[in-house]
Structures are given as structure tokens and as C-alpha cells.
Amino acid sequence: MFDFLDSGQYDVLGAFWVTVQLTLYSAVGSLIWGTVLAGMRVSPVPLLRGFGTAYVNLVRNTPLTLLVLGCSLGLSQTLGIDLAGDTFKETGFRLAVLGLIAYTGTFVCEALRSGINTVPVGQAEAARALGLSFFQVLTLIVLPQAFRAVIAPLANVLIALTKNTTVAATIGVAEAALLMKEMLENEAQAVFAVFAVFALGFVLLTLPTGLLLGWVAKRVAVKR
Amino acid sequence: MKISKAAAAAAVAVALALTATACGGSKQDAASDGGASGGAKDKLVVGIKYDQPGLGLKTPDGKFTGFDVDVATYVAKELGYEPNQIEFKQAVSAERENLIANGDVKFVVATYSINDKRKEKVDFAGPYFLAHQDLLVRADDTSITKAEDLNKKKLCSVTGSTSAQNVKTKLAPEADLLELGGYSECLTGLENKKVDALTTDNSILAGYAAQEKNKGKFKLAGLSLSNENYGIGLKKGDKELQTKINAALKKMVEDGSWQKAVDANLGPANFKSEPAPQITEGS
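Read top to bottom, the protein sequences are chains A and B.
Be aware that the first sequence starts at 1, since it is given in the working numbering, and climbs by one per residue.
Be aware that the second sequence starts at 1, since it is given in the working numbering, and climbs by one per residue.
Wrong hints could be hidden among the right ones.
Here are some of the chain A residues that sit facing chain B, going by a computed Cβ distance under 7 Å [to be verified]:
# : residue
1 : Thr35
2 : Thr78
3 : Phe88
4 : Glu90
5 : Ala129
6 : Thr170
7 : Gly172
8 : Ala188
Read the hints as simulated data drawn from the structure, not as lab findings.
These figures come from a predicted structure and were not determined experimentally.
Ideal Cβ positions, reconstructed from N, Cα and C, are used throughout, including at glycine.
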């Protein structure tokens, strides 16, 4: 039933490696971008607050497929922005990471903002009384505590991100979902076996993430 | 207290409405499926593509056009079904075998190339059309004349399709290949000169080039990079239906409706259609 795996025609591990790479780059990027967005949304500057709110609500409610496809059709093919990629392979990967960061960053931002709400107001007030600036209050006092509170929600975002990388197949990034389409085209007599292989692959990627980060979340949580 | 009661009532109402509509939908499906597999004479369910101009296309007003649709309609007529008794069902590439094996459709006419792997699960009638993998280029482009030219080119095809795999493994491994979700998306890149050529079966390409909004912009390169014999897929072992469809196809070629359908659907865009292929299946 699984003999199509032995034919040597399909590089399943290679495809999942691209999935992992997409996930890691996008995870790092969206963590940074999400933190910046969260900083904007709690900042005392109305313009930044307004931009943060507008961006998060707009991008979070746009389907990811549209964002990623917009990166390819809009940025690359129409405007010619290739992010310094020479081949479609490089360009596609970078555009996909860009789209995923733009989208996942909003969820990271909202998770962080809920974490910021768990930090007692007195903490920030005390820091202000010591003479720290807003930036110092945020980075030295509030965010470190906020991060420790939102490890578990961020793990959920990471798991969602892992699965969302499959959208990159629509712009030709050779990851798991693209290989699955190829296999379904050739091995239509074994649709369910092909499907099972990829379902299992994603379980293997996401389950340990959830378990590990769940354990970390318990370890580092601030007991109040 | 009052508010929460009202909220609860609203929630119940919404939930009821959702389940009610869900039931309605599935019942309808079950009814139409039953009609098809039960062999009732009133409806004939045929699988076609909904997204290929010139071959199988569902237009925004709900009509179906294309060469595959014409073939399906002709075959249905020979089997004793009026056009209003045909029900078209979408058969995307990956689902064709299962639609046939499960009896959801009587037969599939959807740019379905006959090959041995597919014959493990379904039988074919025909072939009714011989297509070749080819390239669609901008109308003023003359730089591609043979397969070797492709290695330096930027190509576009559909994710996972046989044509895309052909390029990667056989035709031009060094070509820069972009795989997108659909051929229309590739056309954007072709128009903006981000890609040099769009590759798939010439029948599909001719359909796109013949579309009203694309007329005069693109042309076929005219290379025969592979042979694709389109057949009509049907349930494995149904010899009777296979014979009947083969007879219908033969008649369609003989009385000229075949050529008429080809010219009407794929005519423009420098497309030289092959003569109707010999029927090889089921003999």
C-alpha cells in the first residue's frame, strides 16, 4: 500500500525539511515583528497605537492564502520585487516567509498584549516612578514578565504556523503540501495512503512542539 | 438575568439554523448521488473540469462550455440522455479515480490522460483526443524552438501537474520553474514578462489563448513534448458502457461533430489539432 514511498521518486524528508525551514524563519521573524506590533499597541503615541491596531485588525482578518498569493502575484510578478532571489525557488521561499511573518506577527502581537495585561499595573507605575522611560519600562519590566505568561498561547501560534506553511505551495515553494499534490497527481490509486503519510508528518512536527513548550510554560510561569 | 436568557435563546436559534441548513445540504447531495448510482434513467452524472477554458468550464451564469463538455453531451445523447438530463459534477484531477470508483459519476471527461497507473483503478473508453505538452509564449516571442532552449528559460506551470514534473525530471531540469495554483495565475507572470513560457497540454493552452480577454497576446510554441491520449474514465470492468461510449465516439468523428467541436472550442491561437485518434481501449 505504501510502495510509492520506495520508488525513490519522492523526497518526502526533503519536502518536510523545507516545511521546517519555512516554520523556523517565519517563527523568528513573526516573534520580532509581533513584539514590535505589541509595543506599538501599548505605546503612549496615538499614531503608533492607531497603526498597530489598524494593521493587526486588517492583516489578521485577511485570508493567509490571499496574503501569500498577493506577495507572489502583486509584489514579485507585477511590481518586480524579488527580495534579491535569483531563481523562482529562492524568491518563492522568501516571499512565503514574508507573507507568513506579516500574518503570524498579528497573532503573536495579540498573544503578547494579553500577556502584558497579566503584569500588575503597579509594576509599570513603580518603574515609571524610578524614572525609566516608556521603552525601558516595556523592555526591562513588562515584556520579560509578559513573555513568561504567554509561552503556551505562543506555542499554539507556532503550531498553527507550522500547518499554515502549507499555503506556500500555492506560490510554488517545494514543501510538504506541494509534494503531496505531486504524489496525488501520480498515485491517485493510493490517495488515502499518501494523505496518511503527510498527516503523520505534521503530527510528528507539531505534537513535540506542543508538549515541549507546554512543559516550558509551566516551568517559567510567574507565580502570582 | 434577562439579557443572558435572551443571549442563550439567540445562541440556540443560531445553532438550530446551522444544523437545519447543514441537514438540508447533505440530504440534497444524498438524493442526487442515489439517483446516479441507482442507475435511474432520469439523470446522468458526468465528471468534468470546471476551470479549463476551451475544455471544461463553468461560466459565472452556471452554464458549461468546452470541448470535453461537447464530447460528454454527444456521448450522453448516444446513450439515450437529453442534454437537460445531464448533471455535470466537478472532477478535479486528484479525485477523478475516486469519483468513478465510488459511483458518484457515471463517467469522467476531464482532460484525463490514459496511463497504466490509472488503469489499475478505472477503465477508459477512447481515446477521443491526442494532446501534446506544449508552451504558451508571448505573441512576439520567437526564442523557443526546441526543448533544449528551455534550460535557460523561466517557466510556469501548475503545482504538482504532470507537465511540471516532466519539466523537472526530463525536459529541462535546469529551467527555472515556477509552480502556481492555476494557469490563470501563470498568465499574469507571462504578461508581465516575469516568466517566459507557460507549459501544459496544448489543448489547455489553446483554450486560454482563445479566451476573449487574451486574444492576440499569446501563441503556442508548437512543440510536441509528450503524448497525452485523453480518454473517458469509467468504472472498472464495465465493458458494456465502454463499448457503447467507444461506438459513440466513433460516430462523433464520422459525422463531423468532433471536428466542429474542436474548431469551435480550440480554434484560435495557432493551434494545429491532430486528427481524431484511433480508439484503442477495450478492444
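Here's how the hints hold up against the structure:
Contact between A:Thr35 and chain B, as hinted, is not supported at the beta carbon level, the nearest pair being about 33 Å apart and thus beyond 7 Å. For A:Thr78, the interface hint holds, the least distance from its beta-carbon to any beta-carbon of chain B being 6 Å, beneath 7 Å. With a cut of 7 Å, the hint placing A:Phe88 at the interface with chain B holds, because the nearest CB-to-CB distance is about 4 Å. Nearest Cβ of chain B to the Cβ of A:Glu90: about 10 Å, over the 7 Å cut. The hint is violated.
A hinted interface residue such as A:Ala129 counts as satisfied when its beta carbon comes closer than 7 Å to some beta carbon of chain B; here the least separation is about 41 Å, so the hint is violated. Interface restraint check for A:Thr170: the shortest CB-CB distance to chain B comes to about 4 Å, inside 7 Å, so the restraint holds. For A:Gly172, the suggested interface contact is upheld, since its CB lies about 4 Å from the closest CB of chain B, less than 7 Å. Because the beta carbon of A:Ala188 sits about 4 Å from the nearest beta carbon in chain B, less than 7 Å, this interface hint is met.
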